[in-house]
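For the sequence shown, the positions run 620 to 744 when the numbering used here is used.
Bear in mind the hints are in silico, worked out from the structure with no lab data behind them. Remember, it's a predicted structure, so these values are computed and weren't measured experimentally. Idealized CB from N, CA, C, for every residue including glycine. One or more of the hints may lead you astray.
[Claimed, not checked] List time: in silico BS3-like cross-link candidates among lysine-lysine, alpha-carbon distance up to 25 Å:
| # | residue 1 | residue 2 |
| --- | --- | --- |
| 1 | Lys738 | Lys720 |
| 2 | Lys738 | Lys711 |
| 3 | Lys711 | Lys740 |
| 4 | Lys739 | Lys711 |
| 5 | Lys720 | Lys739 |
[Claimed, not checked] Pairwise CB distance ranges (calculated):
| # | residue 1 | residue 2 | range |
| --- | --- | --- | --- |
| 6 | Lys738 | Gly638 | 45 to 51 Å |
| 7 | Ile686 | Glu657 | 33 to 39 Å |
| 8 | Val661 | Val632 | 57 to 63 Å |
| 9 | Lys711 | Pro677 | 24 to 30 Å |
| 10 | Thr708 | Glu672 | 17 to 23 Å |
| 11 | Val734 | Leu655 | 24 to 30 Å |
| 12 | Glu681 | Lys740 | 36 to 42 Å |
| 13 | Ala732 | His689 | 15 to 21 Å |
| 14 | Asn629 | Glu657 | 35 to 41 Å |
| 15 | Met635 | Arg701 | 51 to 57 Å |
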Amino acid sequence: PGVARYLSANRLVVTMRNGEPEIVSLSSIEVTLGVLVEEVRVVQQFQDVFPSEIPGFPPVREVEFFIDLHPGTGPISESPYRMAPAELTELKIQIEDLLRKGFIRPSVSPWGAPVLLVKKKDGKS
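Whole structure, please, built from the sequences with the hints as guidance.
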């Protein structure tokens, strides 16, 4: 008594069925999906700190990070997923763009993971 607490809808139903007295305050939060970054107020106010494209990698740091492997751990590699021709074309475009920008580089590492293209929430590629 006298303590505010949050109840799920299911818990509220149970407490009401048990005859426990409850004071309920209903509120809602509006969530807008699909908002463009440019439409966010803080991005509009501080446009100078939000570049339209990522300029490059951060500067080289004094500390290098490595992943320590347990002895006997071998490379993990999965076969690529099958892709439709349109997906394969898009993948090649994105890889070329990332190579050109220097964000990625060719690798012959035995470690590998398949690529999975997922449409954005607004349905665009």
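Tested hints:
Between lysine 738 and lysine 720 the alpha-carbon distance is near 23 Å, which keeps this suggested pair within the 25 Å criterion. A C-alpha spacing of about 16 Å is found between lysine 738 and lysine 711, which places the hinted pair at or below 25 Å, so the restraint holds. For the suggested pair lysine 711 and lysine 740, the alpha carbons sit about 22 Å apart, so the restraint of at most 25 Å is met. Taken as a hint, the lysine 739 and lysine 711 pair is honoured in the structure, with Cα atoms around 18 Å apart against an allowance of 25 Å.
A hinted pair counts as satisfied when its Cα atoms are at most 25 Å apart, and lysine 720 with lysine 739 qualifies at roughly 23 Å. Judged by the Cβ atoms, the range 45 to 51 Å given for lysine 738 and glycine 638 holds: they are separated by roughly 49 Å. For isoleucine 686 paired with glutamate 657, a C-beta distance near 37 Å keeps the hint of 33 to 39 Å intact. Restraint check, valine 661 to valine 632: a C-beta distance of roughly 39 Å breaks the suggested window 57 to 63 Å.
Roughly 27 Å separates the CB atoms of lysine 711 and proline 677, a value that falls within the hinted 24 to 30 Å. Taken as a hint, the range 17 to 23 Å holds for the pair threonine 708 and glutamate 672, whose Cβ atoms sit roughly 22 Å apart. Evaluation of the 24 to 30 Å hint for valine 734 and leucine 655 yields a pass: the beta carbon distance comes to about 26 Å. Look at glutamate 681 against lysine 740: about 39 Å separates their beta carbons, and that is inside 36 to 42 Å.
Checking the proposed 15 to 21 Å range against alanine 732 and histidine 689 shows it holds: the Cβ atoms sit about 19 Å from each other. Between asparagine 629 and glutamate 657 the Cβ separation comes to about 40 Å, which falls inside the hinted range of 35 to 41 Å. Evaluation of the 51 to 57 Å hint for methionine 635 and arginine 701 yields a pass: the beta carbon distance comes to about 53 Å.
Checked against the numbered hints above, the structure violates only hint 8.
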